[in-house]
Amino acid sequence: MKIAVCIKQVPTREWQPRLNDAKTWIREQDAAFEMNEPDAYALEESLRLREKHSGEVVVCAAGPARIQQVLREALARGADRALHVEDDRLAASDASVTAEALAAAMADEKFDLVLTGLQSDDQGHAQTGVILAERLGIPHSTIVMEVQVSGNDVRIKRELEGGWFQWIAMPLPALLTIQSGINQLRYATLKGIMAAKKKEIKKVAMPAGLQAGQEIVSLALPTRSKQTRLIEGSPAQAAQDLVKRLREEARVL
Amino acid sequence: MILVVAEQRQGVLNRASSEAIAAAQALGGGMPIKVVVLGESVGGLAQELARTDVAEVLVAEHGALGTYTPDAFTMAVQSIIAATTPVFVVLAHTYQARDFAPMLAARLKTTLVTDVIGITGSGAGATFTRPMFQGKLVATVRPKASGPCIVTFQIGAFRADAVRMGSGAPVTKIDVTIDAGAIRQKPEAPFQEAKQAVDLGQAERIVAVGRGIKSQEHLPLVQKLATAMGAEVAASRPICDNGWLPMERQVGSSGQTVAPKLYVALGISGAIQHLVGMKGSRTIVAINKDRDAPIFEVADYGIIGDLFEIVPALISELEKK
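Here the protein sequences line up with chains U and E, keeping their order.
So the number in this note's numbering is just where the residue sits in the first sequence, counting from 1, plus 431.
So the number in this note's numbering is just where the residue sits in the second sequence, counting from 1, plus 474.
These aren't lab readings, by the way, just hints derived from the structure by calculation.
One or more hints might be untrue.
Partner residues aside, some chain U positions facing chain E, computed with beta carbon under 10 Å [stated by the list, open to error]: (1) V441; (2) L521; (3) E592; (4) G594; (5) W598; (6) Q610; (7) R655; (8) I662; (9) Q668; (10) A670; (11) K675; (12) A681.
Calculated cross-link-like contacts (lysine-lysine; reagent style BS3-like; alpha-carbon spacing at most 30 Å) [claimed, not checked]: (13) E:K763 <-> E:K698; (14) U:K675 <-> E:K794; (15) U:K454 <-> E:K763; (16) U:K483 <-> U:K588.
Nothing here was measured: the structure is a model prediction, and the numbers come from that model.
We put the beta carbon where it would ideally sit given N, CA and C, even for glycine.
Bound-form chain U, shown alone (with noise of 0.2 Å):
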């Protein structure tokens, strides 16, 4: 079986959040970045179905040139080889303009099966798998927390919400987008990261003429809907504070 991955290189959870003069994007050479978590639980369903159905797993992604460390990472975990859609304007690219450069750098792979993470936890937009799925001409799932194929076929379950699920078959080729917690992540071994060096990774230039969905005129801190009370002191004066006003002033406790 012939399988995709799509990735995504975001802000670390432990980045700070700082913007570009013109507020429209944040001051990228402040940031550290890292594989976007849902994609990393994409990467190992695809090594797993890999080790059940063998075959190859082949891990594409968009961006500028600093998404070679999380292509690196990916090759290190066990993907075969790598994709990368290389241009600056792929760093802040809604999901549209991703989507379609993915959809030109993969089309002629013919892959069995494509899966990616269900949003990045950057723009958040939780769309360009579905639109990648289209603009290849495959059905999709979304929000999966499990994946079976047999023969031409692939049956997946889906998360609805408030703990609910439901189990959908699809005829293969078809597109997944992966829920964190479908699986247990696998880390690289340093005999991993050796073999990552002599794997490819192919470049593609970015299609001429996409257009962009939608603008960011502005990015902002966001504004408090409360007013938070923040205590103060030492954790034995703090923890005093907290349990007096709980007691007294919010009458909780």
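Since the structure of chain U is already known, use the hints to place chain E on it.
Chain E alone, transformed into the frame defined by chain U:
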């Protein structure tokens, strides 16, 4: 004209559909609003929707819409858009909308703005605010579509009880075009994984724990605080993903929605998927080492610091006679 796509499951309207109507009313700008409800037999729900202040309720019934699939719903809504030519198509940002709205936008080669929490201006020139970077930043975005712009609104961003009611909108049946042979997904019946042993929705107090707890061996500390407060233990998604606590203790969009008297968030950054499940709590306490964590946006009381120092201090304070 604004087209609102209401959502129903097994003959019950999703509450978020009322929120979507409230959002469309706010977006209005003098444009008439039509609401469409799709399903196999959903005429009864139309009467419910017709009580809101909208121009018309459309009923789209088709055998292929009985059980949701993204292919059938995309084809159906696409044909309704072709017949009604809306400027905006409005939905609640539910798991169902997340599944088919991007496909619809891709087919129509138009813009989809998701997870919207606010509107600036109204009518065709409106811009939308939406969280980015896990809620650490808020973006104002401008759609650039030439076709109808599709917008999904975050659950809770507009209140269902803020819907303007009307004097009874006309209900009209609308034909939809669905090529049944082009539906590729075969859905089975929805199910719940296991009988819930704990009903967090009934808890008066909840102590919830997130990534800040670092490892499973620290969970007894959380349980001890919960016991001292007379609270149930809950968690954000990553804790349950790791198997440290059972899924039934997860609060958030994929777990339970709670509104206790007291909600204590320990080491929870406050990603929006968590906030939607608990922001209705009466009193919220956040304990976190990161002062920029989004959880502080909804907290009444906050302590910025190391939970491994603060929680033991809280336990001993609560146990003082």
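Structure versus earlier hints, numbers of those that do not hold, lowest first | Hint 2 alone not satisfied by this model.
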